[in-house]
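Peer 1: The chain contents come next:
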Amino acid sequence: EDQVTQSPEALRLQEGESSSLNCSYTVSGLRGLFWYRQDPGKGPEFLFTLYSAGEEKEKERLKATLTKKESFLHITAPKPEDSATYLCAVQARNRGSTLGRLYFGRGTQLTVWP
Amino acid sequence: NAGVTQTPKFRILKIGQSMTLQCTQDMNHNYMYWYRQDPGMGLKLIYYSVGAGITDKGEVPNGYNVSRSTTEDFPLRLELAAPSQTSVYFCASTQLTGYHEQYFGPGTRLTVT
Chain E
13 EDQVTQSPEA LRLQEGESSS LNCSYTVSGL RGLFWYRQDP GKGPEFLFTL YSAGEEKEKE
73 RLKATLTKKE SFLHITAPKP EDSATYLCAV QARNRGSTLG RLYFGRGTQL TVWP
Chain D
208 NAGVTQTPKF RILKIGQSMT LQCTQDMNHN YMYWYRQDPG MGLKLIYYSV GAGITDKGEV
268 PNGYNVSRST TEDFPLRLEL AAPSQTSVYF CASTQLTGYH EQYFGPGTRL TVT
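Here the protein sequences line up with chains E and D, keeping their order.
The opening residue of the first sequence carries number 13 in this note's numbering; numbering runs sequentially from there.
The opening residue of the second sequence carries number 208 in this note's numbering; numbering runs sequentially from there.
Be a bit skeptical, because a hint or two may be false.
Unchecked claim - Below, computed lysine to any residue pairings styled on SDA-like, alpha-carbon distance capped at 25 Å: (1) E:Lys54 x D:Pro313; (2) D:Lys251 x E:Thr61; (3) D:Lys251 x E:Leu59; (4) E:Lys54 x D:Arg284; (5) D:Lys251 x E:Phe84; (6) E:Lys69 x E:Gly41; (7) D:Lys251 x E:Arg113; (8) D:Lys251 x E:Ala96; (9) D:Lys264 x E:Leu42; (10) D:Lys216 x E:Leu59; (11) E:Lys54 x D:Thr214; (12) E:Lys54 x D:Leu317; (13) E:Lys54 x D:Leu252; (14) E:Lys54 x D:Thr227; (15) D:Lys264 x E:Tyr115; (16) D:Lys264 x D:Val295; (17) D:Lys216 x E:Ala96; (18) E:Lys54 x D:Thr318; (19) D:Lys251 x E:Leu42; (20) E:Lys81 x D:Gly247; (21) E:Lys54 x D:Asn272; (22) D:Lys251 x E:Ala22; (23) E:Lys54 x D:Tyr271; (24) D:Lys264 x E:Arg105; (25) E:Lys54 x D:Gly247; (26) D:Lys251 x E:Ser40; (27) E:Lys54 x D:Met226; (28) E:Lys54 x D:Gly210.
Note that these hints are calculated values from the structure, not bench results.
Given the structure is predicted, the values throughout are model-derived calculations rather than measurements.
The following block holds chain E by itself, in its conformation from the complex (with noise of 0.2 Å):
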């Protein structure tokens, strides 16, 4: 059963035109949320965490916002620069554990052309 779900499963923008990624989840106790870039060929880079809902953070032309049941990265202007596919995972408080694993989504690969 996925815990994250992230939507869509791909995105075509041109340079300038802002849109939202989403990631929806279901997890019982929410510790953290965490955004990922990850470009091809290497390993998840971490942008942001959230860790309670209406918490928002921003990082340059990134916007990452939390609800109860889900998050947005919001991309302003993008540049082709951001084309990346951006994952979302989650972490649950877990009963008698500090493991503090995450459950990633599948993600969303963002193409931004000129």
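On the provided structure of chain E, position chain D as indicated by the hints.
Peer 2: Then chain D, alone, in the frame of chain E:
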């Protein structure tokens, strides 16, 4: 800091062969993880370690083994390689409590034929 490093970057194995994927981190992180990433799928946890001498299974541990003799190193051993183990393998590490962002290595692309 080099962060998390992995070797080799690429490897082709024949069915039944064995190999060890190396992972080293220089951030003094207690928690380390091994994931595999298959095309179109989310990363799946293979094994993890909360400190030297302590390891445990993740979601997909069959066909793999790990050891953690030092804080820095967390090798992943593949015994009797099978085509189903063709994947990209990522090592990650995080701070003491485990409730922080994980930092990933560049990955090892493994093909079993």
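Peer 1: Take the hints in turn and mark each one as holding or not.
Peer 2: Do the hints match the structure? See the list:
1. For the proposed pair Lys54 (chain E) and Pro313 (chain D), the alpha carbon gap of about 5 Å is at most 25 Å, so the pair holds.
2. In summary, the hint linking Lys251 (chain D) to Thr61 (chain E) is supported, as the alpha carbons are separated by about 20 Å, within the 25 Å threshold.
3. Note on Lys251 (chain D) and Leu59 (chain E): the hinted pairing holds, with a Cα-Cα distance of about 20 Å set against a maximum of 25 Å.
4. Between Lys54 (chain E) and Arg284 (chain D) the CA atoms are separated by roughly 21 Å; this keeps the pair inside 25 Å, and the hint holds.
5. Simply put, Lys251 (chain D) and Phe84 (chain E) have alpha-carbon atoms about 22 Å apart, close enough for the 25 Å limit, and the pair holds.
6. For the suggested pair Lys69 (chain E) and Gly41 (chain E), the alpha carbons sit about 21 Å apart, so the restraint of at most 25 Å is met.
7. A distance of roughly 10 Å separates the Cα atoms of Lys251 (chain D) and Arg113 (chain E); the hinted pair therefore holds under the 25 Å criterion.
8. Between Lys251 (chain D) and Ala96 (chain E) the CA atoms are separated by roughly 20 Å; this keeps the pair inside 25 Å, and the hint holds.
9. Our distance criterion of 25 Å between C-alpha atoms is met by Lys264 (chain D) and Leu42 (chain E), whose separation comes to about 22 Å.
10. Under the criterion of a C-alpha separation no larger than 25 Å, the hint pairing Lys216 (chain D) with Leu59 (chain E) is consistent with the structure, at around 24 Å.
11. Pair hint Lys54 (chain E) plus Thr214 (chain D) holds up; C-alpha atoms about 13 Å apart against a cutoff of 25 Å.
12. About 14 Å separates the Cα atoms of Lys54 (chain E) and Leu317 (chain D), which keeps this hinted pair within 25 Å; it holds.
13. Taking the CA atoms of Lys54 (chain E) and Leu252 (chain D), the gap is near 18 Å; set against the 25 Å cutoff, the hint holds.
14. This hinted pair checks out: Lys54 (chain E) and Thr227 (chain D) have alpha carbons roughly 20 Å apart, not beyond 25 Å.
15. Taking the CA atoms of Lys264 (chain D) and Tyr115 (chain E), the gap is near 15 Å; set against the 25 Å cutoff, the hint holds.
16. Of the pairs offered as hints, the one joining Lys264 (chain D) and Val295 (chain D) holds, with about 18 Å between alpha carbons and a cut-off of 25 Å not exceeded.
17. Between the alpha carbons of Lys216 (chain D) and Ala96 (chain E) the distance comes to roughly 20 Å, so the proposed pair stays at or under 25 Å and holds.
18. Between Lys54 (chain E) and Thr318 (chain D) the alpha-carbon distance is near 17 Å, which keeps this suggested pair within the 25 Å criterion.
19. The suggested pairing of Lys251 (chain D) with Leu42 (chain E) holds, with an alpha-carbon distance near 19 Å, which does not exceed 25 Å.
20. A C-alpha spacing of about 23 Å is found between Lys81 (chain E) and Gly247 (chain D), which places the hinted pair at or below 25 Å, so the restraint holds.
21. Using a Cα cut-off of 25 Å, the hinted pair Lys54 (chain E) and Asn272 (chain D) holds, with the two alpha carbons roughly 24 Å apart.
22. Taking the CA atoms of Lys251 (chain D) and Ala22 (chain E), the gap is about 21 Å. The hint holds against a cut of 25 Å.
23. Note on Lys54 (chain E) and Tyr271 (chain D): the hinted pairing holds, with a Cα-Cα distance of about 23 Å set against a maximum of 25 Å.
24. Note on Lys264 (chain D) and Arg105 (chain E): the hinted pairing holds, with a Cα-Cα distance of about 18 Å set against a maximum of 25 Å.
25. Straight-line distance between C-alpha atoms of Lys54 (chain E) and Gly247 (chain D) comes to about 15 Å, which keeps the hinted pair within the 25 Å bound.
26. Annotation: proposed proximity of Lys251 (chain D) to Ser40 (chain E) holds, straight-line Cα distance about 19 Å (limit 25 Å).
27. With a C-alpha separation of about 21 Å, the suggested pair Lys54 (chain E) and Met226 (chain D) falls inside the 25 Å cut-off, and the hint holds.
28. Annotation: proposed proximity of Lys54 (chain E) to Gly210 (chain D) holds, straight-line Cα distance about 14 Å (limit 25 Å).
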